[in-house]
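Each chain is listed here by its residues.
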Amino acid sequence: MILGASTFVEGVDFAFMFILGIAFFFLISITAVMIFFIYRYNKKRNPKATQVKDSTTLEITWTVIPLILVMGMFYYGYVGWIPMKKPPEEGVTITSHARMWSFSFEYENGRVSDKLYVPVDTAVIINLNAMDVLHAFYIPAFRIKEDMVPGLANNRTWFEATKTGSYSVFCAEYCGLQHSYMLSEVVVMEQDEFWEWYHDPDAMTLEVPDDADPAILGRQIISSKGCTACHSLDGSSLVGPTFAGRYGETITVITDGQEREVLYDEEYVKRSIYDPDYDITEGFRPGQMLSYEGEISEEEIEFIVAFLESLNE
Amino acid sequence: MSETTSSKHVSFLQYKGKYKGILGWILSTDHKRVGLLYLYTMLVFFSLAAILGLLMKLQLIAPGYTIMGPQTYNAMFTVHGIIMIFIIVVPGLPAVFGNFFLPIMIGAKDVAFPRLNLASWWIYVIGILVVLTSQFVGGWPDTGWTFYAPYSFQTPANVLPALFGAFILGFSSILTGINFVVTVHRMRAPGMSWFKMPLFPWTLYATAWVQILATPVIGITLLLTVMERVLGVGVFDPALGGDPILYQHLFWIYSHPAVYIMILPGMGAISEILPVFSQKRIYGYKAIVLSSLAIAFVGYFVWGHHMFTSGMSGRALYAFSFLTFIVAIPSAIKVFNWVSTMYKGSLNLQTPFYWATSFIFVFMIGGLTGLVLGSLATNVHVHDTHFVVAHFHFIVFGGTGFSFMAALHYWFPKMFGRMYDANWANTGWAVFFSGFLTLYLPMFYLGIQGMPRRYYDYLPEFHGGNIISSLGAILMIAGAMIIIVNLVRSSRHGQKTSDKNPWGGRTLEWETDTPPTLENWDEIPNVTEEPYEYK
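Chains as they are written, first to last, in our numbering: chain E, 1 to 313; chain C, 1 to 535.
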């Protein structure tokens with residue numbers, strides 16, 4: 001099988017092997033019998049058919065044997081699956097927010113990250129929060145997948161990673177234009193390493209070394225929040241208008257159905273992030289973006305502005 | 001019977017009714033002409049949707065932008081799905097071969113309600129036109145053929161016409177179902193008791209019940225979705241207090257039985273072809289009849305296996321998993337009976353036989369991988385990945401498609417009074433079959449690796465499987481072109497034949513003229529033997 005790194009892998013992969021083993025056995029043997037019949041009984045070799053009577057015994061045999069086998073499949077499928085439905089009481093709880101088209105992960109102490117950081121050999125319970133449409137939280141290496149349903153109570157999944165390293169997280173439920181770009185990573189760390197990261201006080205506030213280039217910080221925020229899924233950096237139009245070559249220009253927008261001219265400045269950027277439907281750039285549709293209020297701080301917006309400015313250079 | 005040329009023996013193709021030219025076809029209530037109208041309509045739309053499929057595979061041949069952007073790609077898999085499901089495989093064999101051969105095989109002159117039958121085709125065409133308007137007015141829908149809520153309410157793309165068109169197509173399906181049920185009950189020839197009826201009519205009968213009982217559910221669902229989009233009713237959209245999982249339940253309560261609408265008639269056609277090309281009775285006639293009815297019945301109760309990760313309650317999930325394994329058994333029984341039919345037969349290796357045996361092979365792969373999807377633990381991993389895409393193409397395209405081609409090559413001389421070029425037909429089959437396997441087998445691997453479906457772009461680790469799969473698509477389309485060109489050409493210029501029974505069949509359609517006359521029979525036949533009574 002493919003790479004596996006959670007406690008579910010053993011049960012799931014056993015069910016795979018059990019089912020695929022039986023499937024290959026039947027596929028190969030029935031095909032071989034068919035090929036043999038075609039060879040042995042073709043018209044040239046066997047010009048006259050011999051009529052054969054139906055046999056009830058045979059019919060019962062090939063009903064009962066497959067029935068027993070599939071009940072075995074049902075059983076192992078059940079056994080491999082039931083632990084996924086029983087999250088333990090104790091564990092690290094993390095909330096995954098999904099929106100078109102990015103994941104973000106919120107920890108109990110308020111820390112937010114775009115990658116999922118978890119400790120090894122520890123139960124991790126993920127509360128699933130879909131903010132707009134259906135998404136699905138899928139980690140192939142852990143063998144888990146659960147739909148993220150807007151408005152659904154108790155929408156959650158859990159896992160216990162067994163190997164450190166990083167693994168892909170995919171959105172598996174089709175969610176529109178950039179569905180195939182809605183992915184993230186789960187980083188499994190040694191336990192002490194994780195807790196160090198978790199409690200790192202510096203990480204709670206945006207770390208700004210004095211010599212840091214604000215534009216580069218802005219670039220990091222833009223990619224970690226998934227903005228570039230809809231806003232290009234090269235001038236092309238995606239779902240939303242491009243970021244390139246716009247800052248400082250006067251642009252035409254629709255506000256309350258009225259066309260108006262507005263300066264693309266810091267104030268405008270802030271309003272577009274906190275209240276995206278207030279001004280709609282000409283040629284684009286409202287209702288495509290949710291507000292990032294509470295997710296992107298005003299301080300961070302300053303860095304984003306610095307980055308946008310740098311795109312004009 | 002002598003080859004008279006009296007007016008009574010004019011074939012249905014030549015027959016001059018009230019209307020001339022094309023009107024003589026589109027206003028004809030003759031079940032054979034209606035069947036051919038469906039065939040031609042499907043040919044056009046199948047070609048269109050197959051080209052969309054090919055373009056999608058070309059996009060996936062390498063990561064990133066290859067030949068189209070994501071919006072186009074998303075619209076293409078949506079339209080590909082809508083056309084293939086609602087316009088091709090759901091009407092599928094019943095609309096073409098059911099219309100053409102059901103009355104003949106049970107010794108009737110037409111279906112019970114010929115006008116209703118023509119109306120079904122008209123409704124079908126209107127449904128198609130409504131679906132097509134979505135392509136020209138506003139943007140193509142981009143929701144996938146499943147129209148899952150709440151995305152289908154939020155996308156600015158043009159979903160309404162597609163939904164409404166699918167709703168109209170449902171009526172065509174229901175009317176055909178009603179027509180076939182009544183025809184089978186009331187119009188069987190004297191002596192043809194239920195258990196003397198050939199297997200293709202049997203499967204059409206089982207299918208017709210599913211069409212009548214399940215299709216209204218999708219009708220209601222699609223209508224609710226239309227109301228939700230237009231009036232903001234709030235049944236499915238959580239933003240309005242609705243439940244998106246309810247949508248999935250309603251959708252699959254129809255769409256799972258619909259899979260049996262697609263596959264059962266195909267199984268029936270295979271059960272006709274194998275005895276003829278083995279010159280042997282079908283093995284386990286009653287077992288095949290009963291398993292068809294069992295599939296039609298149990299098939300209603302397994303829809304939940306499309307929703308194992310949806311957030312539904314755990315108890316419901318293992319009940320659905322259990323029932324899914326139960327419904328696998330009747331299909332297995334059929335495979336065993338088909339293979340046994342070949343035992344000690346005298347196998348006539350012709351094109352329909354190749355299609356039928358390759359059908360068994362691909363259907364087995366489709367069915368056996370279905371077990372992976374029926375089991376809870378494994379389903380969670382491969383649900384909504386390329387594994388599922390491969391699985392349902394093996395069932396719906398492998399199962400229904402291969403049996404459709406088998407049936408077409410089997411009944412072709414009877415339908416057109418001409419024979420196709422057998423060498424080209426066999427070449428087309430070989431190319432198509434190899435292309436089919438190269439296209440879809442790698443997708444199982446991609447799915448187990450974890451590549452989600454409906455993916456415009458992918459990570460580098462999925463590249464290998466996609467290259468092979470895309471090359472397979474090119475090969476398969478080449479095969480399809482050989483087959484279609486050969487058949488279309490042969491229907492006009494193929495060698496003429498009036499041989500009533502070119503394959504040595506024992507069912508009633510091989511006792512009528514080739515091609516049949518307007519009313520099929522001078523005298524309604526009297527049935528005394530069981531079907532497939534080879535001596």
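I should point out that these hints are in silico values taken from the structure, not numbers from a laboratory.
Given the structure is predicted, the values throughout are model-derived calculations rather than measurements.
Note that CB positions come from ideal geometry on N, CA and C, so glycine has one too.
Do not take every clue at face value.
[Said to hold, decoys possible] Pairs of lysine to any residue, SDA-like flavour, derived with a Cα cap of 25 Å: (1) K18(C) with R492(C); (2) K53(E) with R506(C); (3) K53(E) with R492(C); (4) K44(E) with L223(C); (5) K196(C) with R492(C).
[Unchecked claim] Which residues of chain C face chain E? A few of them, derived with a C-beta cut under 8 Å, are: (6) V44; (7) L48; (8) A332; (9) L349; (10) T514.
Handout entry: Numbers of unmet hints, in rising order
Key = 3, 4, 5, 6, 7 and 10
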